[in-house]
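> Got chain A; can you put chain B on it based on the hints?
Protein chains: 2
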Amino acid sequence: MKNYIRRHPWKIIEEGFDATVQRVSESLFSIGNGQMGQRANAEETYSGESLTGTYLAGVYYPDKTRVGWWKNGYPEYFAKVLNSPRWSALEVEVNGHTLDLAKTKPTNFRRELDMQHGLLTREFEVSCGNVMLQIRSLRICHMEFKELGLLSYAIQVLEGEGTIDIRSLVDGDVTNEDSNYGERFWHQYSSSASEEFATLSCQTKKTAFEAHYTVTTDCTQNAVPLTGAPLTEDMKAGHRFLTTVRTGDQILIEKRCIVLTSFAHPHEKLPALAKLRLAALQRFEFDLLCEEHCQNWQRKWKESDIEIQGDIAAQQGIRFNVFQLHQTYHGLDPRLNIGPKGFTGEKYGGSTYWDTEAYCLPFYLATAAPEVALNLLTYRYRHLEKAIENAVKLGIDHGAALYPMVTMNGEECHNEWEITFEEIHRNGAIAYAIYDYTRWTGDSSYRDEKGIFVLIAISRFWAQRVHFSSRREAYVMHGVTGPNEYENNVNNNWYTNYIAAWCLRYTIKTLEKLQLGAPKHYQTVLKQTALKPGEVALWQDIMDKIVLPTDPALGIFVQHDGFLEKELIPASTLPAEETPLHEHWSWDRILRSCYIKQADVLQGLYFFEEQFTPQQISSNFGFYEPLTVHESSLSPCVHAVLACSINRMDKAYEMYLRTARLDLDDYNNDTRDGLHITSMAGTWLSIIKGFAGLRIRNDILSLRPRCPQQWHGFAFAIRFRNNMMYFRIDAEKIEIKNDGPPLQVEIDEQTLKLEKSVTYALVP
Amino acid sequence: MKNYIRRHPWKIIEEGFDATVQRVSESLFSIGNGQMGQRANAEETYSGESLTGTYLAGVYYPDKTRVGWWKNGYPEYFAKVLNSPRWSALEVEVNGHTLDLAKTKPTNFRRELDMQHGLLTREFEVSCGNVMLQIRSLRICHMEFKELGLLSYAIQVLEGEGTIDIRSLVDGDVTNEDSNYGERFWHQYSSSASEEFATLSCQTKKTAFEAHYTVTTDCTQNAVPLTGAPLTEDMKAGHRFLTTVRTGDQILIEKRCIVLTSFAHPHEKLPALAKLRLAALQRFEFDLLCEEHCQNWQRKWKESDIEIQGDIAAQQGIRFNVFQLHQTYHGLDPRLNIGPKGFTGEKYGGSTYWDTEAYCLPFYLATAAPEVALNLLTYRYRHLEKAIENAVKLGIDHGAALYPMVTMNGEECHNEWEITFEEIHRNGAIAYAIYDYTRWTGDSSYRDEKGIFVLIAISRFWAQRVHFSSRREAYVMHGVTGPNEYENNVNNNWYTNYIAAWCLRYTIKTLEKLQLGAPKHYQTVLKQTALKPGEVALWQDIMDKIVLPTDPALGIFVQHDGFLEKELIPASTLPAEETPLHEHWSWDRILRSCYIKQADVLQGLYFFEEQFTPQQISSNFGFYEPLTVHESSLSPCVHAVLACSINRMDKAYEMYLRTARLDLDDYNNDTRDGLHITSMAGTWLSIIKGFAGLRIRNDILSLRPRCPQQWHGFAFAIRFRNNMMYFRIDAEKIEIKNDGPPLQVEIDEQTLKLEKSVTYALVP
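Protein sequences appear in the order of chains A and B.
If you want the numbering used here, it's the position in the first sequence, counting the first as 1, plus 2.
If you want the numbering used here, it's the position in the second sequence, counting the first as 1, plus 2.
Looking at chain A on its own, in the form it has when it is part of the complex:
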């Protein structure tokens, strides 16, 4: 837990330089544009504790996975998000002394991330080589021109004189923190430098991704241009500026970098394309490029801002989360997805988890153009064949799909059997996303044309993954890991069994709809999938007869067979010095304890709320939440939403607080490794699905608004089908403005017709 970020409704601000939080700040002030991103590493040399990180969308490294014993079906590689050449490097030397804030502490240090305009700035004063300098930098990952990075770096000589040596570089001398034996994953492909521009092209080992950086640096001294000397070294390219300065001198460096990858473009076209982009770029003033970027951000905010009145910490928290989500995923390329750390760290390796479907999809559905969310679905559709191959590797008959737990390109790239082979509920989330998308958009074309193939393959998987137990006279599912990863290899995890049965039901219903509504297409689907009536009959049988462990006395669904045999001791009794458990307890102790990492049974109640009574939700929440340690960042949001639905507003607010400022306050002491990007969508969910109680019920937008008493009110924008809608909620009323055709809206179970705007009084 930390508390050094200054509160501000639109800005993240660090004032004063504290070496011990620099690595945390590098994460918090990260910038990105969905195509590339980087941690807020200092541009100049920094020899203190730091995690250098520049990341390029889609570019990864297939690390070895063979350690110890090996198990059949394991993936061949563990995909690593790759630390890539750093385009923002700017080394400064004064009178032979390297500017390095780890060596000389700056004064008047201020770092600021202006989320409204997407601007990262830093300013400080520092003595270097007996010269007192003031530095102001501005850095941008351009939102409009997504392959453009911009850096402005101004050096004011406050006092002193001497020579200053500036090296503006693309620096490819980078490694991943978690690489074995410090192995390097890039080698240089080519480099060159002319007076005008410098180029560094690197290739990843094994995957042969190319990253092609073209950089220009304009440098002036007191507004007079300086000529840079071209510079190439091993894994580095750029320009060097050498000059003498004295008190009052002003040096301004403006750096522009075009970053192209062979993931985005054909390898052979990169050099030509870089030149083209550069030529186009040079026509614009630096400030104009910045302006274009800021306008893009302002459009984003118009469609997705959440305003909170009377709680500046909450306001800052939610905007930070929305900002980071937009920085991570732009939705323009169905080959990309949302990594748990986005472009802010290398932890968790691969890019895509079930987080996308379970947590992120609703955010993008409601705050971005429809094709953005659609591309998240298309991503999985494109991976269907690989998911089928993946299931075959596990010994499942061809035609059934097991989507990977972690993936870059559809292949499984995580190698822990208890996760890879067993945390199969992820398949359910992928089916649920189809349902969620269709329900929100009211558009069933994706489901019917593409989704149905995904649904059939997933249903086939479940049908083979269960078996009929003659002892129990029911279908059972052995050897699974539920969302609570603090239990592995359990039998009859309630959540997994429930969502499996739901998938079967949803697939059958979709087939029935097709049969009635599009009989020709229905026949095509049957033919293409070779689906037999016997299969559907089996699905029906499994749906009806799958074990769903319950304990009538406690009035709960049982997490899995044997869970109630544990010692059940509330998490509130855990000594503070032993939490988070995953840092202090052995895995053995965690596994055998009753403590739940994240919503498990409750995840099912969250997804399928309408199928349970408030009493059921209440008793399960009352049983499981006290055993839950919320050590996954994805946990509190689900609890917040459920708590709202059973009117436990204090608990809801407590849960909301844990998610809203998770990174800003470094709640889990791990922000230093990067931000919890996917869980940020959970914060959004806590407000929209939680406090605003927004649902789709019977095809109608429905709200059950409950303003937390800690707030004066809150407001948010969402897209819903053809409408852009603005909501403002406080304790007494809800105001809705509608930009689009009239539509029906349900508030606290009252349906009303919404033209342009409405104000509705809430019953306290």
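Any given hint could be a false lead.
Identical chains blur together in the list; that is why a pair holds if it fits in one copy or across any two.
Think about it this way: if two alpha-carbon atoms lie no more than 35 Å apart in a straight line, the pair counts; the simulated DSBU-like pairs of lysine-lysine are [stated by the list, open to error]:
1. K208 with K349
2. K105 with K735
3. K534 with K568
4. K207 with K349
5. K452 with K735
6. K349 with K388
7. K452 with K653
8. K395 with K349
9. K388 with K107
10. K13 with K739
11. K105 with K208
12. K547 with K568
13. K388 with K568
14. K534 with K148
15. K739 with K208
16. K568 with K758
17. K735 with K277
18. K13 with K547
19. K277 with K568
20. K395 with K4
No lab work stands behind these hints: they were computed from the structure.
Then chain B, alone, in the frame of chain A:
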């Protein structure tokens, strides 16, 4: 399954050269002496498929274990048995052509391992550089001088002429097959060469073990000495002999190598010690050194041979196993133990598993001097502090011991949570070994003086590892892996719970004996361990109230909670092309299946046979054996012994066959990676505890002899306390010769007094 080894009572013979089996032969013809050993790699260059392997006792490399996610409590390293510099290298070039059997196929190829005398020989004819050669080599890891390797290599020129270039080397340019990224684990420490001898000293990275090789090579051409040129290259040292040859010439190379390690001697003394050893060595003729070695082997056989009449395949198999066991462990150093692959391969990394206590100890107890078995116990006693630290890492209070699953020096060095943290029944085997040793030797001094500390620490572990389930009103043990590693993370594994309760009982009984028999020592033990009466009372309570799952209807003990919910389909229905399962099925499928890798419930019935009725053994055997795939080499022997005890002789013989020639016939298709050393003790057990039915009952040697009908008879030697005893058993009778004081012996429940010899008629 392969069948190319010629059958012979005392020899392993390969005739004719087949490149496809060379790697298997390298394993089968391995030589060793408990101090060092090597695979039967060709001395000359071999560019075909091969696993080069030379191994030095106690020398290992701590490989990284961090891949993917990380769990608290994991060990820091995965110990690797280290492929070490090869002292037997001898490169031959004729007229510029390298002798390489992978390039030019030899004729009249014959490889022979004479087990009676411990001699590995090879002969063949081959054309090289247009010269026809006949080669005869002889290789020895000396049994008497355990740091001495000998090689004689004779080259007869059958036809042709030209220059011959011989490089006799210590070759340190070696890697481990399973090293990530082909990493090298050794670096050169020093090398030198004079006319007389050459030295290569290498150090392991990280562990800084030194291996110091001093080699002399005598070379004659037609009995006239040739002078070798000293030779050092990076990681190589030796001598080079260059000469011209013509038809009829005979070149004889005699190579002697002293191999010292810093594991065995202080680092700084290695050079001086090498010179001393060399000087001593030079006083002996090469043939005399060989003779000394052969005599040592003959003494070994006198005390441990098993003779089988009427079944040459069985005869060859059992002698091969006894031979390899003696090659692996000499019992002179309590820091050494028995690796699953001995000196024949690198698989399974670390050296010590519970195999030692559960399978190997009885062999060494009965076939070697008493200090040999005692050193195996002392090994664990010396590791008690580390076992206590290991338990602390898992969150267990200080004073309780969890012995490692795999170890080199007492530290856990295996990193799969389901094994490291969960396969804790190993603790039981370590306690059982104390019981077994005491029972066999009749000497309780180890148990009372050292073992009691091990027993108390193990009991303390069990007492913390169980918890009382109020639902079940019993102690339960969650999250374990039984001996059947085809199930992980199960609850209430019958075997583990049973052996845990047994440990508690045995510890309590031992304490009671001490209290009565040695009250002063008893007080010291209490004081040193700070043992409180409450602890012992708790142990008693756990013993009495631990869950031992049973199914009365089936009349069986249940492997673990939920096992009977599985689909139970006999292993005999598995298609041949899908076995062994671990090669063909995904881990997921294996885990969820009913198939048992090795005895689990039955392991308990084997250890504690006297506590169960024949009916209980019979019904559990009848239930579990058909579900068992015996994919651990440690499985069939336990089944063979149990089958004998319930008079299922056909099943016993079937099981015996699977273990006896496991490697010779390459039953599991993995002999290429090395031999299954620890399971070889299981073959011995099958005969001695199985067919001969040998037990200690009420402190008396007891037999229940059943000669398999496939044999005319069998005979074996064992040491029992002060007696050396020779048994000969056929269908009708048992003859016993006794070299030692008279003693009582029980045969088929009849007690008789044995003076010098007895013949006893068996009831058919």
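> Compare the structure with the hints numbered earlier in the document and write down the numbers of the violated ones, lowest to highest.
When the structure is compared with the hints, numbers 2, 5, 7, 9, 14, 15, 16, 17, 18 and 19 turn out to be violated.
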